[in-house]
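Could you build the full structure based on these sequences and the hints that come with them?
2 protein chains.
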Amino acid sequence: MTRLFNDPATFAEDMVAGFAAAHPEHIRAVHGGVVRARKSPQAKVAVLTGGGSGHYPAFCGVVGDGFADGSVIGNVFTSPSAAQAYSVGREAENGGGVLFMFGNYAGDVMNFGQAAQRLTSEGVPARTFAVTDDIASAPREDLAKRRGIAGGFTVYKTASAAAEEGADLDGVVRIAERTNARTRTLGVAFAGCTLPGQREPLFTVPEGKLGLGLGIHGEPGVSESELTSAADLARTLVEGLLAERPEEAREDRRVAVILNGLGSTKYEELYVLWGTVARLLADAGLELVRPEVGELVTSLDMAGCSLTLTWLDEELERLWLAPADTPAFRRGQLADAPRPVVAARDSAPEPRAAAASSPLETATGAAAGTSATAVRALRAAHTVLHEQEEALGRLDAVAGDGDHGRGMCKGVDAALAAAEKAHADGAAPAPLLAAAGDAWAAEAGGTSGALWGAGLRALGAGLPADRAPEPAEWAAGARAARDAVTALGKAEPGDKTLVDALDPFVTAFTRRTGAGEEPAAAFAAAAEEARTAAEATAELRPRLGRARPLAERSIGTPDPGATSLALVLNALIPLGG
Amino acid sequence: MTRLFNDPATFAEDMVAGFAAAHPEHIRAVHGGVVRARKSPQAKVAVLTGGGSGHYPAFCGVVGDGFADGSVIGNVFTSPSAAQAYSVGREAENGGGVLFMFGNYAGDVMNFGQAAQRLTSEGVPARTFAVTDDIASAPREDLAKRRGIAGGFTVYKTASAAAEEGADLDGVVRIAERTNARTRTLGVAFAGCTLPGQREPLFTVPEGKLGLGLGIHGEPGVSESELTSAADLARTLVEGLLAERPEEAREDRRVAVILNGLGSTKYEELYVLWGTVARLLADAGLELVRPEVGELVTSLDMAGCSLTLTWLDEELERLWLAPADTPAFRRGQLADAPRPVVAARDSAPEPRAAAASSPLETATGAAAGTSATAVRALRAAHTVLHEQEEALGRLDAVAGDGDHGRGMCKGVDAALAAAEKAHADGAAPAPLLAAAGDAWAAEAGGTSGALWGAGLRALGAGLPADRAPEPAEWAAGARAARDAVTALGKAEPGDKTLVDALDPFVTAFTRRTGAGEEPAAAFAAAAEEARTAAEATAELRPRLGRARPLAERSIGTPDPGATSLALVLNALIPLGG
Numbered sequence: 000m001t002r003l004f005n006d007p008a009t010f011a012e013d014m015v016a017g018f019a020a021a022h023p024e025h026i027r028a029v030h031g032g033v034v035r036a037r038k039s040p041q042a043k044v045a046v047l048t049g050g051g052s053g054h055y056p057a058f059c060g061v062v063g064d065g066f067a068d069g070s071v072i073g074n075v076f077t078s079p080s081a082a083q084a085y086s087v088g089r090e091a092e093n094g095g096g097v098l099f100m101f102g103n104y105a106g107d108v109m110n111f112g113q114a115a116q117r118l119t120s121e122g123v124p125a126r127t128f129a130v131t132d133d134i135a136s137a138p139r140e141d142l143a144k145r146r147g148i149a150g151g152f153t154v155y156k157t158a159s160a161a162a163e164e165g166a167d168l169d170g171v172v173r174i175a176e177r178t179n180a181r182t183r184t185l186g187v188a189f190a191g192c193t194l195p196g197q198r199e200p201l202f203t204v205p206e207g208k209l210g211l212g213l214g215i216h217g218e219p220g221v222s223e224s225e226l227t228s229a230a231d232l233a234r235t236l237v238e239g240l241l242a243e244r245p246e247e248a249r250e251d252r253r254v255a256v257i258l259n260g261l262g263s264t265k266y267e268e269l270y271v272l273w274g275t276v277a278r279l280l281a282d283a284g285l286e287l288v289r290p291e292v293g294e295l296v297t298s299l300d301m302a303g304c305s306l307t308l309t310w311l312d313e314e315l316e317r318l319w320l321a322p323a324d325t326p327a328f329r330r331g332q333l334a335d336a337p338r339p340v341v342a343a344r345d346s347a348p349e350p351r352a353a354a355a356s357s358p359l360e361t362a363t364g365a366a367a368g369t370s371a372t373a374v375r376a377l378r379a380a381h382t383v384l385h386e387q388e389e390a391l392g393r394l395d396a397v398a399g400d401g402d403h404g405r406g407m408c409k410g411v412d413a414a415l416a417a418a419e420k421a422h423a424d425g426a427a428p429a430p431l432l433a434a435a436g437d438a439w440a441a442e443a444g445g446t447s448g449a450l451w452g453a454g455l456r457a458l459g460a461g462l463p464a465d466r467a468p469e470p471a472e473w474a475a476g477a478r479a480a481r482d483a484v485t486a487l488g489k490a491e492p493g494d495k496t497l498v499d500a501l502d503p504f505v506t507a508f509t510r511r512t513g514a515g516e517e518p519a520a521a522f523a524a525a526a527e528e529a530r531t532a533a534e535a536t537a538e539l540r541p542r543l544g545r546a547r548p549l550a551e552r553s554i555g556t557p558d559p560g561a562t563s564l565a566l567v568l569n570a571l572i573p574l575g576g
Numbered sequence: 000m001t002r003l004f005n006d007p008a009t010f011a012e013d014m015v016a017g018f019a020a021a022h023p024e025h026i027r028a029v030h031g032g033v034v035r036a037r038k039s040p041q042a043k044v045a046v047l048t049g050g051g052s053g054h055y056p057a058f059c060g061v062v063g064d065g066f067a068d069g070s071v072i073g074n075v076f077t078s079p080s081a082a083q084a085y086s087v088g089r090e091a092e093n094g095g096g097v098l099f100m101f102g103n104y105a106g107d108v109m110n111f112g113q114a115a116q117r118l119t120s121e122g123v124p125a126r127t128f129a130v131t132d133d134i135a136s137a138p139r140e141d142l143a144k145r146r147g148i149a150g151g152f153t154v155y156k157t158a159s160a161a162a163e164e165g166a167d168l169d170g171v172v173r174i175a176e177r178t179n180a181r182t183r184t185l186g187v188a189f190a191g192c193t194l195p196g197q198r199e200p201l202f203t204v205p206e207g208k209l210g211l212g213l214g215i216h217g218e219p220g221v222s223e224s225e226l227t228s229a230a231d232l233a234r235t236l237v238e239g240l241l242a243e244r245p246e247e248a249r250e251d252r253r254v255a256v257i258l259n260g261l262g263s264t265k266y267e268e269l270y271v272l273w274g275t276v277a278r279l280l281a282d283a284g285l286e287l288v289r290p291e292v293g294e295l296v297t298s299l300d301m302a303g304c305s306l307t308l309t310w311l312d313e314e315l316e317r318l319w320l321a322p323a324d325t326p327a328f329r330r331g332q333l334a335d336a337p338r339p340v341v342a343a344r345d346s347a348p349e350p351r352a353a354a355a356s357s358p359l360e361t362a363t364g365a366a367a368g369t370s371a372t373a374v375r376a377l378r379a380a381h382t383v384l385h386e387q388e389e390a391l392g393r394l395d396a397v398a399g400d401g402d403h404g405r406g407m408c409k410g411v412d413a414a415l416a417a418a419e420k421a422h423a424d425g426a427a428p429a430p431l432l433a434a435a436g437d438a439w440a441a442e443a444g445g446t447s448g449a450l451w452g453a454g455l456r457a458l459g460a461g462l463p464a465d466r467a468p469e470p471a472e473w474a475a476g477a478r479a480a481r482d483a484v485t486a487l488g489k490a491e492p493g494d495k496t497l498v499d500a501l502d503p504f505v506t507a508f509t510r511r512t513g514a515g516e517e518p519a520a521a522f523a524a525a526a527e528e529a530r531t532a533a534e535a536t537a538e539l540r541p542r543l544g545r546a547r548p549l550a551e552r553s554i555g556t557p558d559p560g561a562t563s564l565a566l567v568l569n570a571l572i573p574l575g576g
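Heads up: the sequence lines are chains A and B, in that order.
Mapping to numbering that gives the first Met the number 0: the first sequence position 287 is 286, numbers consecutive.
Mapping to numbering that gives the first Met the number 0: the second sequence position 261 is 260, numbers consecutive.
There's no promise every hint is true.
[Stated by the list, open to error] Not close to chain B: a few residues of chain A, all C-beta gaps over 10 Å, as computed: (1) Asn5; (2) Glu238; (3) Lys265; (4) Val374; (5) Thr556; (6) Ile572.
[Said to hold, decoys possible] DEER-style ranges, computed between Cβ atoms: (7) B/Arg317 to A/Gly122: 42 to 50 Å; (8) B/Glu419 to A/Asp231: 31 to 39 Å; (9) B/Glu206 to A/Gly122: 53 to 61 Å; (10) B/Ala8 to A/Gly284: 46 to 54 Å; (11) B/Pro7 to A/Arg234: 45 to 53 Å; (12) A/Thr119 to B/Ala281: 36 to 44 Å; (13) B/Arg317 to A/Pro40: 30 to 38 Å; (14) A/Thr119 to B/Arg198: 51 to 59 Å; (15) A/Ala8 to B/Ala242: 31 to 39 Å; (16) A/Ala42 to B/Gly284: 38 to 46 Å; (17) A/Arg234 to B/Glu243: 49 to 57 Å; (18) A/Ala283 to B/Gly461: 58 to 66 Å; (19) B/Thr9 to A/Arg252: 26 to 34 Å.
[Claimed, not checked] Not close to chain A: a few residues of chain B, all C-beta gaps over 12 Å, as computed: (20) Ala367; (21) Glu388; (22) Ile572.
By construction, these hints were calculated from the structure, which means they are not laboratory data.
Since we're looking at a predicted model, the values are computed, not measured.
Cβ coordinates follow ideal geometry from the N, Cα and C atoms, glycine included.
What follows is the structure, given as structure tokens:
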């Protein structure tokens, strides 16, 4: 289990501070993550890795010459926010554009996508690339739905080396696409990891069994079987990957190989396994090019391992073998340029989510009362979410990584603080809710953080600054929030997301206020419908970014996102809507 | 726990085979361990690290340019045999002599000492150096009795760099001595590791507690306390080390630092801890020189960590920073010489304990019957040791690492096979017992292996080749065996070792046969005395290479070595002595 931390809530921040203090010759901390200690060459594409923390050396351990230009660091197993990604992108870009690279998870796709959009809109060409190497996470017909696991290491390596050679943004993306198309990973887990501050592991595997294809955040795998011997496991992994040999690499015999330990399956065990793996791959006619055996993409102290094959062509082999010099990975010979040693003091990360310094539009007349109501509503949400934090975590642990309660609390804490500050400054409802939404997204990270942030911002956007809103304006705000959430998350009703509670609420509130019902009564009735709808999600199967086996496992459990929305809405009823 | 293996009995061999297959550009396997893939420069001192396996990257992960010339690899947590060390020394030496470096444990001191002696007697100057950095393992007045843990990394690094610079054997030893004298480590453990094939961990620490000073094989520490926060642990470690600042480094402010994870305490946790450690060390006026945060000396999947400080002078700092290129550790810039890639097939380790190929002295007359008796005796020992393997392991687990039963079985298996082969070749008793003893020592490794090997060889040395021995010759053989064991192990009666059972046996057998008693009856009575004496060791405190707290813990438990000797002697009674 994870035992060393100060406050579990600041685990990632504390980790980044220590990481920066340990490696001043390679990296420096910036808001949202880290970048190289010395500026990359002018016009070089900035390659940024990123994702939740808990996977070191992924992702920040490979920032340095020849590899990544920076890394965006989220909370444990949680996507960083779009604001973090934007910030690191700004720090790292040097005239050649930005490529964000990450594993294919809904929260990462969403947050990095937003950051890329914002950078592009500001004149910095930015793209994203999601790695999909995990063959157990979706069938062959659905390649694009597969998750990204240890194979990301190869994809980040070749794309970074291409950028170092001077390829332009399109060229770097092409290398990433080609490497990803030729990369396959199969993983197994023997025991779960424990998040900082938790007493129980995220998931368990029965003693003596292995979970084949189990994800690096405990996402369910394809099967469970006896763990017999290292030799048998080697056969399972090699046969599984060879059956997935990419069509376009039919003629290629040279492969990059990664035998990756997840955390507590240690080096000697990996070498025992490697003895058989190397022989089986050679028997299959493959030539191994600088195989890596060790811990490259971990999951805290999870027990298990994965095998990755990347079928190389001449160009990819050159890029795979190119030199690199990073805190966690070195290869080949590097230019002997002196490295500036940055004092730890200078590289301390800036505080996250610095309060916006631009002046906010001020509330006049009855609008000040609306701003006060918004703060009270956030306070009520704060209370109920903290009360239910553990219960929401348990719901999420059934089919997710169990951090929904934590993420909602981090989000609402930040949103409430931002709203209180804005209210003290006399802000109108629209800028107040925008500040609250931005803070929520920046601090919570993950999928829910991005959605709640966008929803709050949209809810406020149409509210007047000089009078109390009409019931129809509240209804329009609710619809705008729903539309922002669905536009960002791409979920439709029935996909087992918070949309399944949000949509009935918005529909009922619009209908009832449209029919002239008192706003408070309409709100209470609509919130009650959201509660019923959230409970009904128990019978649905999830869709967004989730693999097939997950669907089976989650049936019978309400969706945590829909549940938390319903909880918040019902907590607002006593406020009078 | 350790889950990946084929046969637990061949775990180390399988690991070495996989390790060699993964790193042909750095190392090649030889009998007993590994050496650099390319020959070191002529007349360079060969620096060899070594010890039990289970600690990767220690010790074999640091073989390569700028670091070690080779590594001797024992079974898990078990000293390699003298034969292994000799073999790797022979392979690695290149005209400059050999330095064996290892942690201060009785088995390692003994086996590497024997190997160095043999090499020296054959004209290859060889020395040994035992690292003693663990401040928790013995008080300041007993520096030389301290165990070696993660601080060995610094000592091996500077000594290796000195050898690479061209220092001669005395010069390299001086660097090792100076570095060791300036190196202090304090470790903590939160949970034990599990040996391959075992279902239960070697030791446990109560949930939420930390064992301060707990050894890397589970040797008892100095205290047990609450694990509160990473910051508190950082204070404990830093304050503990600063209180042990070496007198000779009073003026030195620059330190090499290692924050080492033991296996399942992961990188992010170490970085959280590092944040406070780095600040406290800076507050104490120290300047950190290329600190290392990560896994350098592990103990399978043990949970815990250690902090090492080495106070540097100018020369040691240069050696600490010198370039190195090994499978697990790289530093600085290295010459870009092409590396020969050795095919995996060519680097496969030779079978261990190859049968002696020189002709053995042949038994004539009644001596053939004596040889047959010796084989029957080894077969009876084989039976009783395998029956009692688990019980002996449990005895050893109280104050040791629980491998005594396994080690005795490995030894007797090899000894019986060697004796049977020698008997089939018609060997006389003396060469037969010498072959059995050598095989025992080579295969079992550890302290017991070396002692039993020496004892068997000495027992046979005086036996005639052409007739049955007289009772006085058997008694002389028994005394020779006892003298060989005490000369090698330096134990005296009362030290809680197998000498406590061996000495009463030898004394009683000598006295009874000297008084004219029938040898069979004398043997039975003497074996019975050994049994009583072995049981009485329960009340003794151990001495050899053991730290103070161990003594307290082992009181009430008989010594496993004395117990196994008594078991074997009593199993021989039915044979008629």
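Going down the list of hints, with the structure as the test:
1. Asn5: violated (5 Å)
2. Glu238: Non-interface label on A/Glu238 holds, nearest chain B Cβ at 17 Å vs cutoff 10 Å.
3. Lys265: violated (6 Å)
4. Val374: holds (33 Å)
5. Thr556: holds (29 Å)
6. Ile572: Per Cβ check, A/Ile572 is outside 10 Å of chain B; nearest 40 Å; holds.
7. B/Arg317 to A/Gly122: 42 to 50 Å: Distance hint for B/Arg317, A/Gly122 holds at roughly 49 Å.
8. B/Glu419 to A/Asp231: 31 to 39 Å: holds (33 Å)
9. B/Glu206 to A/Gly122: 53 to 61 Å: holds (55 Å)
10. B/Ala8 to A/Gly284: 46 to 54 Å: violated (33 Å)
11. B/Pro7 to A/Arg234: 45 to 53 Å: violated (20 Å)
12. A/Thr119 to B/Ala281: 36 to 44 Å: holds (42 Å)
13. B/Arg317 to A/Pro40: 30 to 38 Å: holds (32 Å)
14. A/Thr119 to B/Arg198: 51 to 59 Å: For A/Thr119 and B/Arg198 the Cβ distance comes to about 56 Å; the hint holds.
15. A/Ala8 to B/Ala242: 31 to 39 Å: Roughly 33 Å apart at Cβ, these two residues keep to the hinted range, so it holds.
16. A/Ala42 to B/Gly284: 38 to 46 Å: Since the Cβ atoms of A/Ala42 and B/Gly284 sit about 44 Å apart, the hinted range of 38 to 46 Å holds.
17. A/Arg234 to B/Glu243: 49 to 57 Å: At 51 Å between Cβs, range holds.
18. A/Ala283 to B/Gly461: 58 to 66 Å: Distance hint for A/Ala283, B/Gly461 holds at roughly 59 Å.
19. B/Thr9 to A/Arg252: 26 to 34 Å: Distance hint for B/Thr9, A/Arg252 holds at roughly 31 Å.
20. Ala367: holds (44 Å)
21. Glu388: holds (21 Å)
22. Ile572: At roughly 41 Å from the nearest Cβ of chain A, B/Ile572 sits farther out than 12 Å, so the non-interface label holds.
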